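Colleague: Sequence:
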Amino acid sequence: MHSIKWLPPIRRRHLPVSNQPSKRGILVVGSINSDWVVPLTRMPLGGETLEASPIQYYAGGKGANQAVAAARMGAGVRLMGRVGDDRHGQQQLEALNQEGILTSLVGVDDKCSTGTAIILVEPQGQNRILLIPGANHALQPAWLASHDDVFQKAELMLVQLELPNEVVEQALHLANEHGAQVLLDPAPVRPIPETWKGWVTYLTPNLIELAGLTQEPLDAKSPTGQIHQAALKLCRQGFAKTVITKMGERGALMTTLKDSYHCAAPKVQAVDSTAAGDCFNGVFAAMLLEGCSDREAMKWAVRAASLSVTIQGAQPSMPHKAMLKVSGAGSV
15 MHSIKWLPPI RRRHLPVSNQ PSKRGILVVG SINSDWVVPL TRMPLGGETL EASPIQYYAG
75 GKGANQAVAA ARMGAGVRLM GRVGDDRHGQ QQLEALNQEG ILTSLVGVDD KCSTGTAIIL
135 VEPQGQNRIL LIPGANHALQ PAWLASHDDV FQKAELMLVQ LELPNEVVEQ ALHLANEHGA
195 QVLLDPAPVR PIPETWKGWV TYLTPNLIEL AGLTQEPLDA KSPTGQIHQA ALKLCRQGFA
255 KTVITKMGER GALMTTLKDS YHCAAPKVQA VDSTAAGDCF NGVFAAMLLE GCSDREAMKW
315 AVRAASLSVT IQGAQPSMPH KAMLKVSGAG SV
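Basically the working numbering = 1-based index in the sequence shown + 14.
If you're looking for bench data, these hints aren't it; they were derived computationally from the structure. The reader is advised that the hints may include incorrect statements.
List of simulated lysine-lysine pairs, DSS-like, C-alpha gap at most 25 Å [unchecked claim]:
| id | residue 1 | residue 2 |
| --- | --- | --- |
| 1 | 272 | 211 |
| 2 | 211 | 281 |
| 3 | 235 | 281 |
| 4 | 255 | 167 |
| 5 | 211 | 235 |
| 6 | 235 | 167 |
Keep in mind that this is a model prediction, so the values were computed, not measured.
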């Protein structure tokens, strides 16, 4: 059995009142990784050796990224997860605490290394990611169930598929049991179990993930109508009440059983698209809790994700709310 220990409290920076966790705030159940970013002039061919630029290290993981994105918008955020008993895990926790995120339910596993993502980035900002789960896969359903009270305090829960299915299912069950809305990021993509039907409020795939979930031939050039029909299939099957398809430079498309809404993205010079989808999810969640409608929250999220791709790294690229106000996010 893995031994789990807990770090002593880390001194947090003083937070403004608006960023203090509320009674019912955001709960993120998710992955915490160390991102190793390798900039390339191009992707190597099979069997080819290609010289790369110096490797860069960043805090990452879909769960941690989404927590940071929400916290920088002023939301109160608690993160549940696992890191390894190593230098990378300590660094991730210190970074999260500096953001004002509550990490008391992040365990330190002495049998696993901290999760690692090796990210290959092309000059245009496109990336390819190799994921080594590490301690993320040491999270257990029974441990989530033993912290039932945390789910009672959540108004909205975010969860991703970088965790084992049984852990995600337990999180979905507990969130629904206590009336929390659920945002599920189906990445990395794999089939969604039938048992999860009716549990997801918002499903947020990108085009590749939507194609994988629906077996529809979608790509970056697919017409919006075709993308809507694929997303509508998931709504009709009961996998989500609302599907928000993240379409990169084309913005995002919201699909429900009643209608659809497309929010275009501003044109930017992308340097690194890593965690743009995580940025979208965290900002969308934060703005929902602030009282925005789904469409208004999506406008903020599209603007934030667009800004994030102009900055290198995952968590360093998450914008603060003041940056979005200057760019006019709320009036797209």
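Colleague: Does each hint fit the structure? Answer for all of them.
Modeller: Consistency of the hints with the structure:
1. 272 / 211: 18 Å, holds
2. 211 / 281: 36 Å, violated
3. 235 / 281: 17 Å, holds
4. 255 / 167: 22 Å, holds
5. 211 / 235: Violated - the C-alpha atoms of residue 235 and residue 211 are around 30 Å apart, more than 25 Å.
6. 235 / 167: Violated - the C-alpha atoms of residue 167 and residue 235 are around 42 Å apart, more than 25 Å.
Figure legend: structure checked against the earlier numbered hints; hints not met, in rising order: 2, 5 and 6.
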